[in-house]
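Student: What follows is each chain in one-letter form.
Number of protein chains: 2
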Amino acid sequence: MADKVLVYSRFPKTMMARFAERFELLDTGGKPTREVFSADQLGGIRALLTAGGSPLGAEAMDLFPKLGAIVCYGTGFDGVDLKAAAARNIAVGHSPGANAASVADIAMTLMLATTRRILVADQYVRSGDWAASKQSPMMRPQAGMPGRRIGVYGMGEIGRKIAARCAAFESEVGYFSRTRYDLPYQYFPTLEALADWCSVLMIAVRAGADTQHVVNADILGHLGKDGYVVNISRGSVIDQNALVAALTDKTIAGAGLDVFEKEPHAPDALTSLPNVVFAPHIGGHTLESHVAMQNCVLANLTAYFEGKPLPYQVKSA
Amino acid sequence: MADKVLVYSRFPKTMMARFAERFELLDTGGKPTREVFSADQLGGIRALLTAGGSPLGAEAMDLFPKLGAIVCYGTGFDGVDLKAAAARNIAVGHSPGANAASVADIAMTLMLATTRRILVADQYVRSGDWAASKQSPMMRPQAGMPGRRIGVYGMGEIGRKIAARCAAFESEVGYFSRTRYDLPYQYFPTLEALADWCSVLMIAVRAGADTQHVVNADILGHLGKDGYVVNISRGSVIDQNALVAALTDKTIAGAGLDVFEKEPHAPDALTSLPNVVFAPHIGGHTLESHVAMQNCVLANLTAYFEGKPLPYQVKSA
Chain A
1 MADKVLVYSR
11 FPKTMMARFA
21 ERFELLDTGG
31 KPTREVFSAD
41 QLGGIRALLT
51 AGGSPLGAEA
61 MDLFPKLGAI
71 VCYGTGFDGV
81 DLKAAAARNI
91 AVGHSPGANA
101 ASVADIAMTL
111 MLATTRRILV
121 ADQYVRSGDW
131 AASKQSPMMR
141 PQAGMPGRRI
151 GVYGMGEIGR
161 KIAARCAAFE
171 SEVGYFSRTR
181 YDLPYQYFPT
191 LEALADWCSV
201 LMIAVRAGAD
211 TQHVVNADIL
221 GHLGKDGYVV
231 NISRGSVIDQ
241 NALVAALTDK
251 TIAGAGLDVF
261 EKEPHAPDAL
271 TSLPNVVFAP
281 HIGGHTLESH
291 VAMQNCVLAN
301 LTAYFEGKPL
311 PYQVKSA
Chain B
1 MADKVLVYSR
11 FPKTMMARFA
21 ERFELLDTGG
31 KPTREVFSAD
41 QLGGIRALLT
51 AGGSPLGAEA
61 MDLFPKLGAI
71 VCYGTGFDGV
81 DLKAAAARNI
91 AVGHSPGANA
101 ASVADIAMTL
111 MLATTRRILV
121 ADQYVRSGDW
131 AASKQSPMMR
141 PQAGMPGRRI
151 GVYGMGEIGR
161 KIAARCAAFE
171 SEVGYFSRTR
181 YDLPYQYFPT
191 LEALADWCSV
201 LMIAVRAGAD
211 TQHVVNADIL
221 GHLGKDGYVV
231 NISRGSVIDQ
241 NALVAALTDK
251 TIAGAGLDVF
261 EKEPHAPDAL
271 TSLPNVVFAP
281 HIGGHTLESH
291 VAMQNCVLAN
301 LTAYFEGKPL
311 PYQVKSA
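Protein chains in written order, with my numbering: chain A, 1 to 317; chain B, 1 to 317.
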């Protein structure tokens, strides 16, 4: 009989197809587990598959007395209470780096779309305003990429790929992270100093309790009126109310957002703004990225059910 | 008295400000010259400022008996009849390379916006469809940049900058141009072979009579159903009717277009398509690119009125 895996978050069926070939999936569809399955059904569950951003704390873990592995689809694991997992001898796995290029590329896409105002441009052509030679203040020339100062917050695999891409656009790259690395980019000792220096702040930091609302009204003020913020990490890193205020009163010029505080919800005060480009958390959402993430999930689950350590295990906090 | 320069095309006033400090501008606003100025006023005109894509043939040149210089704002000069100019001893100047990075960057912006479907993504968030968990077939994962085959048609300054940027995205780069260069990209001897190989065809060739409708139904067929075409050169390079047909019947997957056959007009059959991202010919439209192009225009006009050769002169055909 196939090993059972409980699917804790809501995933499209197509993303689960390869797992369903190897395991018996109990799919909650993202609903509270106890609404979908009985205690009896849950008793034998030894492994969970989850999206790293979905909250998964001690109480949820205790629904599964035999739980030994929580496997996150993707790089992030910020929703998982690592201490609670460690206390219960539950291994936590993820897919490190599998989606790094795909996420870095959505960061570049959002930056370019925002700074070159591609939504406005597209609408200007489609509406016929261009043909009618109508004025469009939003279409005034803006600074381009050569010489632009890009500040990367977080220098993991995604941050490095963003930096390498920006360098190819002839931009200057600076970064702030807890650790200073041997990299050909200017290091800033604080996020504030990076925000003062750069005109695009790329948020690529690993999210967690220590990064909650780190990009706040103060940092946005340092970024300034020609500044853009691009977030492909987690919504929690930005104080979203402060961002709405900064975008509304032109404290900053614009934003590109793939992530939000309460997904899949983006408040109307945000989505009504013309100087923002939105994406529905599709950073890791490419064919090859999904294959790579699925490979990590399969390797983690297979090893676990064979009694071996997870090959892609999150180190306990 | 300041030297007179006739402004032959329609330009925003802000783009003319630096020229107006040095020259007396006779601005047609893009209207037929004789509708705006009398023969008397035109008699003394020795220099024209034009957009390279505006048609400017023998008849127009003959409106100005003393004309000695046609200065194009930008890189292109495809609208100027070079033979007619040479026959009249009129020097033709342009701004080579001044906007190359800016144009390459709009090519990258259009490619990423199209392949990552950023217009659909943005609308999915803004409309509330994401929050409502509505299905969106357009949002299915697509191939990303790593390993993607990018075909660059034309390897001038813009083509090289596109290639360098694509390489940083971990894509494979191939190219076709009349000349094979010592470059680290795969060379294809025909456009057809390049279209067969690549999944994104980037049109960066210098436009002219020899490139008219070179990207036709046949080439689009070779590009194929997973293929995208991005045009930042001139609208004339693509057979626009064939492109509309290929996009409508899904012969190709999508397109990113900054240029059109009859600007500023884009036909409804094109602008109603969801799988295209449009821009109103803003490739060279960044602050630093305008400054660089204006520097070339000023250098050309200043040299001309001092009786010197144009520093940025187009070589006669």
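Simulated from the structure, these hints should not be mistaken for laboratory data. One should not assume that every hint holds.
Facing chain B, from chain A, some residues (calculated, C-beta under 10 Å) [unchecked claim]: (1) D129; (2) P146; (3) A193; (4) W197; (5) A269; (6) S272; (7) N275; (8) A279.
Glycine included, each C-beta is placed from N, C-alpha and C at the ideal position.
Student: Indicate, hint by hint, whether the structure satisfies it.
Tutor: Evaluation of the provided hints:
1. D129: 9 Å, holds
2. P146: 5 Å, holds
3. A193: For A193/A, the interface hint is violated, since the closest Cβ of chain B sits about 25 Å away, which is over 10 Å.
4. W197: It is violated, given that the least Cβ distance between W197/A and chain B is near 18 Å, above 10 Å.
5. A269: Where the cut-off is 10 Å and the nearest Cβ of chain B is about 12 Å from A269/A, the hint is violated.
6. S272: 8 Å, holds
7. N275: The hint is violated - N275/A has no Cβ within 10 Å of chain B, the shortest such distance being about 12 Å.
8. A279: 4 Å, holds
Going down the numbered hints, you'll see the structure goes against 3, 4, 5, 7, while the others check out.
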